[in-house]
Every structure is written in structure tokens, then in C-alpha cells.
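Trainee: Order-wise, the sequence lines are chains A and B. Mapping to numbering that gives the first Met the number 0: the first sequence position 104 is 103, numbers consecutive. Mapping to numbering that gives the first Met the number 0: the second sequence position 60 is 59, numbers consecutive.
Since the hints were made in silico from the structure, they are not lab data. Treat each hint with caution, since some may be false.
[Claimed, not checked] According to the in silico footprint, chain A covers these stretches of chain B (three or more CB under 8 Å from chain A): (1) 312-322; (2) 339-351; (3) 381-390.
Idealized CB from N, CA, C, for every residue including glycine.
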Amino acid sequence: MAYSEKVIDHYENPRNVGSFGKDVEGVATGMVGAPACGDVMKLQIRVNKQGIIEDAKFKTYGCGSAIASSSLVTEWVKGKSVAEAAGIKNTQIAAELALPPVKIHCSILAEDAIKAALADYQKKFGGGEVSGAARVDPAQKAAD
Amino acid sequence: MTTTRKNPIYLDNSATTAVDPRVAQKMIPWLTEHFGNPASRSHPFGWEAEEAVENARAEVAKLVNADPKEIVWTSGATESDNLAIKGAANFYKTKGKHLITTKTEHKAVLDTMRELERQGFEVTYMDVEPDGLLDLDKFKAALRPDTILVSIMHVNNEIGVIQPIAEIGEITRAKGIIFHVDAAQSTGKAPIDLASLKVDLMSFSAHKTYGPKGIGALYVRRKPRVRLEAQMHGGGHEKGFRSGTLATHQIVGMGEAFRIAREEMAAENERIRMLRDRLLAGLKDMEEIYVNGDLEQRVPHNLNVSFNFVEGESLIMGMKELAVSSGSACTSASLEPSYVLRALGRNDELAHSSIRFTLGRFTTEADIDFAVKLIKERIGKLREMSPLWEMYKDGIDLNTVQWAAH
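Okay, chain A solo, but in the shape it has when bound:
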């Protein structure tokens, strides 16, 4: 299978691989997928008091496209507010990495990983504003 240059770059030089220590504050974790399906993604975000994602880390069991998708989203969520991060769509990930149709599920899984991490953030740190803000279209938000 031919991979796009971006997939190969993320696969060979994955960004932000790892896990946060158990005592690091403001960390939320999303784990999605199943080994039986051939891919599992773990995405961790470290969020500050202002609701800004300061750092992100991932670990992924899966094909090159799954690894690239999760590596990419760690770059994308960094510096974003939790509300902005909730607006990242699988179609953006798929377009950025030029994923072929059979690999679209990798981008969907990456979007699910963000959602799962944000849900964990909400559960751990409350903040009703996330659920409300999560519905805000990022394009709209950028416009105001």
C-alpha cells in the first residue's frame, strides 16, 4: 500500500509519543478502539486552569495511518482551548494526511480519541462550559 508523505513522516517521526506521569495535574485521557479491530488509540491532554490544552501525548496500536492520525491530532490540539479542540473533525485529519478511503476509519478514531479525552476532562474537572462549547463550529468561532 502506498502511503502519503505526511503519513510516512508522522509514522517515522511520531510527535508527542508517550504518557503523562500519574501525578501530573490537569491530565485527561481518552482511549478508543479495540485490539480485535486492529487499532487502539490513547490520547492524553494536559489542560491548564484557563481551559487551554498545554500539552498532549499519544500511544497507538494500529496501522501507519492510525499512528499518523493520532500523532497529527496531538500537534493540532496543543494550544487550543478544549472547546476548539472539540471542533476538530475527522475529515480535516483525513484531508491533511491524504488518507485513502480504506483508512478513513483511522481519522474517525482520532476524532473519537479527542472526544473521549475531552469527556474525561469534563468528568474529572467539571466545567459545564465544555459541553456547551463543544457544539460551537470552529469556523464560526474563528469568525467572531
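Following the hints, complete the assembly by docking chain B onto the known chain A.
Mentor: Chain B in isolation, oriented as in the chain A frame:
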């Protein structure tokens, strides 16, 4: 330092082999100078082509200790499987409609069986044991009074295990059931003696044994005689079993490839066994690796290993310096793990994490040493990236985790 290399090392000899240069050389004149149609009876162009075809037929027969008259040329093992299974099932359908095969057969057999089911036959797809081998008692129990045909492969393409075809043949012959064996993966790797084996039909391929692609053969036993309904109709070539102008150059190539196999297989298999053992020894001390399939009842060319907690496709991508196959059919876009490994009872994770290494005539010791070093390095890197490895290291039993299926 990262292990790198310009050209990948070819460890996928069960997919296909390089044509041996001696074979290629022998084929060429039959394309250019000696281009005659072997069926032309009226001039020397035809006569010499016919002689070359018959010499090659004798070589193929000799490798498997058969009579040359029992060898029918086909386009490859897929066609041989189709001709044998459909041909015999349709010829003997008045005797019964039950067929038996195993779940680990090649798709050329499984899909042919599916087609026969659509035509009204009943097929039993037998499970294999965790070592990949067919249990003979279970096989005997699966036989029915209306069973007319059994098709079991000799050597499995994914895990290299050798099925007990001698024992199966004794059982089928005693009951008058036709026995077909797909031997695409075994010529030149495991000895075949059709004078003693009670096999009625056997499929061969040239390109797995250093011959060209596009040519194969079907062995059709004469004593006791096996009848087939032809699947390809036309000029009545090959005693009516398979019409179509014979591809002299391909046939010459297959004959030469099988001659070399017969003469060199004993020494070659010993060399390949040493290389395989070297590969296995190099990987043995790694954590959480599993060899798939029995190691004893197996051709020396094959090593199929699951590297737990690493997904097969990313593994292949990570080992681009090695040309290997993954049991994770992700590579063929279906996202299903290998049906062969699933049939062995391997769980999905291990089935997804498997790599098939198949060694061949042109594999060297340096190739193996490079592969071992590279595999260890890349598996280590991928495991560092794997959340499953992390959980395993934290002592979490992955079977107790509730996964969100997607």
C-alpha cells in the same frame, strides 16, 4: 544507530519466488527460435515444441514420482484446484453431493467450494488443531456415506505446516472417496511420492518453485482412474482435460524448475532449515512473541511469528527493509485478521500482529542477521508507541478491559 538498507531483503518466498536464472535461460529459445505450436503435427516447428513439452512433463512427473501421462498442464495452481474440485464434483455428483475441506485452505480451494455450494453441493469446512494440523479422528467422523471428494492442502501457505496427506489418503481410498491435494506450496520443499501416496488429484504451481508465473499442472491419477469434467472447452488439448494452446516456454520453465528442485532439494532444505533456525534463535529472547503453527510438521522455509501488542501493518511499514507478509489482512484492505490464524484459535490481537517470513534459495545468512537486528529494533520502537504494551507492562490483563468496538 538505525538499521537501514537500500533494497529490501526478500523474505516472501511463499508469495512467489524469483525465476532461477538457469530456468529463465532455458525458456528463452522457446519464445524466439523455437516458437512452434506443440499441437502442430505437420512440420518440425510443432514436433520440436511437442518434444520440449513432453520432456518437461517427464520432469514434473519425476519430482513427484508419477507417470508423465498423469500430468495435465494448466495456468497455475488456482486453475488446477478449480479443475480438480469442480471437475471431480461434477463428474461424480450422481454418487453423492458432500465435499470436505479445511478452513485453512487457500482461497482457490475455499472459493471453489463456495461456488459448488451454490450449485447444490454440501461442504464441510473442518477446523484444524491449534498447531494448524487436521485431526484424523475428527476427519473420519466428518465423512458421510455421500462424501465424494476431499480436498486438503499439503503445505499451508501462511504457516507452512504439513498436513498428514498419507494418512488421509488411506482413509479416503478405503471408502472410494476422491482425494485432491493442493501442493502449490510443497514442491521442492517437502518430498512427494505419488506412487505410495493414495492421492487422486494434486495441484502444482511453477512460480513457488523458482519457475515462471502463469503455468501449473494437475496430477490426475490413472490407476485407479480418476475422471473429471473439463472446465475449459476447445481443441481438446491435454486429453480433453484442458483445452488451450500449450505455452511451450512456460512449460519448459516449469520442467526445468522442477528438475532443479528434484536434484537440489535435499541440500537446499538443509541450508534453509539452518537459516530458519538462525532467524528463530535470533528472535527467541524477545518478550511476548509466538510462533504460529507446529514447528516440526512444517517446511523449513516458513516462520510465522506474532509479535504481541504490535499491529501487523505498522510492523510491515516499520520493517520496509524487509519484504514480508502480514497475517493482518489490513494490507489487502479488508481489515480482517488472517482467517488461517483465526482457525488456529489465535485471538484477534495475535492474528493482527503476525508476520510471515518465508526463506528461499537466494536467502543468505547476512540477510537473516540483518533481519533479526532490524526486527528487534523496530518492534521495540513500535511497542514504545503501543498503549497495549504499556498496559501489559503495567500488569493489566487486556482480556478484562472493556473495549469500545468500532
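Trainee: None of the hints should be skipped; say for each whether it holds.
Mentor: How the hints compare with the structure:
Counting residues of the stretch 312-322 of chain B whose CB falls under 8 Å from any CB of chain A gives 4; the rule of at least 3 is met. With a threshold of 8 Å between beta carbons, the proposed coverage of the stretch 339-351 of chain B by chain A holds, since 4 of its residues qualify and at least three are required. With a threshold of 8 Å between beta carbons, the proposed coverage of the stretch 381-390 of chain B by chain A holds, since 7 of its residues qualify and at least three are required.
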